[in-house]
Amino acid sequence: MGFGQFLSAPETKLRIVTYRDVFQDSAKVVSIFGEDYEKLSAVIKLDPKDISKLAIKEGDTLILKNSSGKVIVKALNSGYDNPHTGTAYMVNSPWSNSLVPEDSGVTGVPDFKDFEVIASSAKGEKVTGIKEII
Amino acid sequence: MKLDNDYYVCTGCALLCDDIGVELEGGKLNKVHTACRKGFAFMKGCSNPMECTVNGERTDMDSSIKEAASILKNAERPLIFGHANSSSGAQKKAIDIARKTNGFIDDTSSFCQGPMVEAIMEGKLKTCTLDDVRHKADVIIYWGADPANSHPRHMSRYSYFPRGKERQRGWEEDRTAITIDVRKSDTAEICGQNGFYQIPVKGDAEFMDAMVSALSGKIPKTSYDLDKKKLLELASILKKAKFGVIFAGLGMVYALDDREPLYKLMDKLNSVSSFHLIPMAGHYNMRGFNQNLFEETGYINRVKFSSGEVLHGPEYSVVEVLRQKAVDAALVIGADPLSSLPRSVVRYLEKIPLIVIDPCQTLTSAKANVTIPCGLVGVETGGSAVRMDGVEIEVKQIVDTDRLSDEEIMTRISEAL
Ligand code: SF4
Numbered sequence: 049m050g051f052g053q054f055l056s057a058p059e060t061k062l063r064i065v066t067y068r069d070v071f072q073d074s075a076k077v078v079s080i081f082g083e084d085y086e087k088l089s090a091v092i093k094l095d096p097k098d099i100s101k102l103a104i105k106e107g108d109t110l111i112l113k114n115s116s117g118k119v120i121v122k123a124l125n126s127g128y129d130n131p132h133t134g135t136a137y138m139v140n141s142p143w144s145n146s147l148v149p150e151d152s153g154v155t156g157v158p159d160f161k162d163f164e165v166i167a168s169s170a171k172g173e174k175v176t177g178i179k180e181i182i
Numbered sequence: 041m042k043l044d045n046d047y048y049v050c051t052g053c054a055l056l057c058d059d060i061g062v063e064l065e066g067g068k069l070n071k072v073h074t075a076c077r078k079g080f081a082f083m084k085g086c087s088n089p090m091e092c093t094v095n096g097e098r099t100d101m102d103s104s105i106k107e108a109a110s111i112l113k114n115a116e117r118p119l120i121f122g123h124a125n126s127s128s129g130a131q132k133k134a135i136d137i138a139r140k141t142n143g144f145i146d147d148t149s150s151f152c153q154g155p156m157v158e159a160i161m162e163g164k165l166k167t168c169t170l171d172d173v174r175h176k177a178d179v180i181i182y183w184g185a186d187p188a189n190s191h192p193r194h195m196s197r198y199s200y201f202p203r204g205k206e207r208q209r210g211w212e213e214d215r216t217a218i219t220i221d222v223r224k225s226d227t228a229e230i231c232g233q234n235g236f237y238q239i240p241v242k243g244d245a246e247f248m249d250a251m252v253s254a255l256s257g258k259i260p261k262t263s264y265d266l267d268k269k270k271l272l273e274l275a276s277i278l279k280k281a282k283f284g285v286i287f288a289g290l291g292m293v294y295a296l297d298d299r300e301p302l303y304k305l306m307d308k309l310n311s312v313s314s315f316h317l318i319p320m321a322g323h324y325n326m327r328g329f330n331q332n333l334f335e336e337t338g339y340i341n342r343v344k345f346s347s348g349e350v351l352h353g354p355e356y357s358v359v360e361v362l363r364q365k366a367v368d369a370a371l372v373i374g375a376d377p378l379s380s381l382p383r384s385v386v387r388y389l390e391k392i393p394l395i396v397i398d399p400c401q402t403l404t405s406a407k408a409n410v411t412i413p414c415g416l417v418g419v420e421t422g423g424s425a426v427r428m429d430g431v432e433i434e435v436k437q438i439v440d441t442d443r444l445s446d447e448e449i450m451t452r453i454s455e456a457l
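Protein chains in written order, with our numbering: chain P, 49 to 182; chain H, 41 to 457.
This is chain P alone, in the form it adopts within the complex (with noise of 0.2 Å):
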């Protein structure tokens, strides 16, 4: 155990935004307990600026957690043009689908596609399993 374990990993908040992705519904169609669907759906795209704020490399994974859930998932860089710090993306999943509040508010219909996590280092733990989730 190396002495980074015993210090508190920064914190950060973000604000998650949901998307679809072909490569992920083709993996979901084939099998939603697959290792490709969880490969494929357990992940956040951060800015580069994200990913030096919460002290982790790309590939690392994180820890998301809000009042409705907690989830581990892989880090990674959006690679878009535009900054985005502040603001992370994550494919419409149950990865996702864990973190979403469940108030729905005047239209009654949950925020899927926007809502807060507080986010940080898992220190090497696995990402979540989707046998884990249900």
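Everything labelled a hint here was simulated from the structure, so no lab data went into it. One thing to keep in mind: the hints can contain errors.
Keeping only pairs whose Cα atoms sit at most 25 Å apart, straight-line, the calculated SDA-like set for lysine to any residue is [as the list claims (entries may be wrong)]:
#1 H/LYS304 with H/GLU336
#2 H/LYS268 with H/LYS279
#3 H/LYS269 with P/ASP129
#4 H/LYS258 with H/GLU206
#5 H/LYS68 with P/SER79
#6 H/LYS224 with P/LYS174
#7 H/LYS268 with P/ASP129
#8 H/LYS242 with P/VAL65
#9 H/LYS84 with P/SER79
#10 P/LYS122 with P/GLY134
#11 H/LYS242 with P/THR133
#12 H/LYS242 with P/VAL175
#13 H/LYS113 with H/ARG452
#14 H/LYS304 with P/LYS118
#15 H/LYS71 with P/GLY82
#16 P/LYS179 with H/LYS224
#17 P/LYS122 with P/ILE99
#18 H/LYS407 with P/GLY117
#19 P/LYS118 with H/LYS258
#20 P/LYS101 with P/LYS174
#21 H/LYS279 with H/SER384
#22 H/LYS268 with H/ASP178
#23 H/LYS261 with P/HIS132
#24 P/LYS97 with H/ASP265
Stretch-level coverage of chain P by chain H, calculated; a stretch enters the list once three of its residues show a Cβ under 8 Å from a Cβ in chain H [to be verified]:
#25 78–92
#26 123–131
Using N, Cα and C, we set each Cβ at its ideal position, and we do this for glycine too.
Fit chain H with the ligand to the given chain P structure using the hints.
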């Protein structure tokens, strides 16, 4: 090996592509031509097919149907939910079951494209067919929509790339594609830098107002930074459109608290040119369910039957009835709420008797008391469905199966009630 010269329909999404070629071998689907990656995976079938089970034990079809009927009979307030991935025949039976059991009935449109489909069915938004788009559309707007990922053949079959009767020069000269979105999606990449308008999250209503101003020759105003010159250029493109279409994606639907800004924009667009709107329904027959329920009850979703009366409102939505724990049993067909709804909302489904009908195991079926496998519509069974633009499409069976169709299962449950 037999090359089948007939064309089939892919039920992988609400585009219902009807030009799919297949090759069969030994009575099984061997090759699928023309479909996209998702359609191909869908038609080949999942790797974890559903089995008949009651309380986790494998059983036969008769016993599982009997148990499903018994759960529904004993329930006072059952929920019949899903339907977006069901044939129209099965949907009509589901409405019968909800009526017979004084149940709640709702579908996935309740938390996705419902508002847009409702506005179209009530005649509040001008619409057109995808065939009209292919033949006539010259200005195409993808708003909060990313068909490159959600409906992979949308742009190539209908909306941007094809030659059409009045668009012989195709995308190179005859069509202008525009994306309005909160991020540079793959569709935005295709539209190019000039065709991409990035707006902040939930900035859609303000952008609509700004477009109305620009179309009226006024300087557009927004609380966020906006390239006014680019917006005025957009207004000029829209004014010149001969046949415009807006594809409304979930990004737009979720961003609007009400539809007024969209109605105002559509009115303005139609006073200066001609614009249509098509909702980007995802699952292959969500729109079919909306139409079927509308014909029966006058509402597209969120209905409760009560001794012959039809009740409707936000309090009857799947999200609300689960949050309020207002139901005491559920039958889920053609959907996977444990995958698609917030975890905090669907947790209640595990506490009540739950029936799942699907060709494949799902997250919801993992928690169900009764699971009933049905044939995959479009491959193992036929039926009809309604495309995202409201056009009814006949879906043919391709291979033989000993699985019952979704409609047969729903008929048998209804008869056993
Ligand atoms: S675009 Fe949709 S309907 Fe067409 S082949 Fe792909 S999944 Fe099937």
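Outcome of the hint check:
1. Pair hint H/LYS304 plus H/GLU336 does not hold up; C-alpha atoms about 31 Å apart against a cutoff of 25 Å.
2. Taking the CA atoms of H/LYS268 and H/LYS279, the gap is near 16 Å; set against the 25 Å cutoff, the hint holds.
3. At roughly 21 Å between alpha-carbon atoms, H/LYS269 and P/ASP129 fall within 25 Å of each other, so this suggested pair holds.
4. Taken as a hint, the H/LYS258 and H/GLU206 pair is broken in the structure, with Cα atoms around 33 Å apart against an allowance of 25 Å.
5. A C-alpha spacing of about 20 Å is found between H/LYS68 and P/SER79, which places the hinted pair at or below 25 Å, so the restraint holds.
6. At most 25 Å may separate the alpha-carbon atoms for a hinted pair to count; H/LYS224 and P/LYS174 exceed this at roughly 30 Å.
7. Between H/LYS268 and P/ASP129 the alpha-carbon distance is near 21 Å, which keeps this suggested pair within the 25 Å criterion.
8. At most 25 Å may separate the alpha-carbon atoms for a hinted pair to count; H/LYS242 and P/VAL65 meet this at roughly 11 Å.
9. The suggested pairing of H/LYS84 with P/SER79 holds, with an alpha-carbon distance near 12 Å, which does not exceed 25 Å.
10. Restraint check for P/LYS122 and P/GLY134: the C-alpha separation of about 17 Å stays at or below 25 Å, so the hint holds.
11. For the hint pairing H/LYS242 with P/THR133, the CA-to-CA distance comes to about 17 Å; that is within 25 Å, so the pair holds.
12. At most 25 Å may separate the alpha-carbon atoms for a hinted pair to count; H/LYS242 and P/VAL175 exceed this at roughly 30 Å.
13. For the proposed pair H/LYS113 and H/ARG452, the alpha carbon gap of about 14 Å is at most 25 Å, so the pair holds.
14. A C-alpha spacing of about 41 Å is found between H/LYS304 and P/LYS118, which places the hinted pair above 25 Å, so the restraint is violated.
15. Between H/LYS71 and P/GLY82 the CA atoms are separated by roughly 23 Å; this keeps the pair inside 25 Å, and the hint holds.
16. Annotation: proposed proximity of P/LYS179 to H/LYS224 is violated, straight-line Cα distance about 32 Å (limit 25 Å).
17. Annotation: proposed proximity of P/LYS122 to P/ILE99 holds, straight-line Cα distance about 11 Å (limit 25 Å).
18. With a CA separation close to 19 Å, the supplied pair H/LYS407 and P/GLY117 stays within the 25 Å bound.
19. Only pairs whose Cα atoms come within 25 Å are accepted, and P/LYS118 paired with H/LYS258 is rejected, the gap being roughly 47 Å.
20. With a C-alpha separation of about 21 Å, the suggested pairing of P/LYS101 with P/LYS174 holds against the 25 Å cut-off.
21. About 46 Å separates the Cα atoms of H/LYS279 and H/SER384, which puts this hinted pair outside 25 Å; it is violated.
22. As the CA atoms of H/LYS268 and H/ASP178 are separated by approximately 23 Å, the hinted pair is consistent with the 25 Å bound.
23. Only pairs whose Cα atoms come within 25 Å are accepted, and H/LYS261 paired with P/HIS132 is accepted, the gap being roughly 23 Å.
24. For a cut-off of 25 Å, the pair hint linking P/LYS97 to H/ASP265 stands: about 22 Å separates their Cα positions.
25. For the segment 78–92 of chain P, the stated coverage by chain H holds: 5 residues have a C-beta nearer than 8 Å to a C-beta of that chain, and at least 3 were required.
26. Residues of the segment 123–131 of chain P lying with their CB closer than 8 Å to a CB of chain H number 3, which satisfies the three-residue condition for coverage.
In the structure shown, a violation is registered for the earlier hints numbered 1, 4, 6, 12, 14, 16, 19 and 21, in ascending order.
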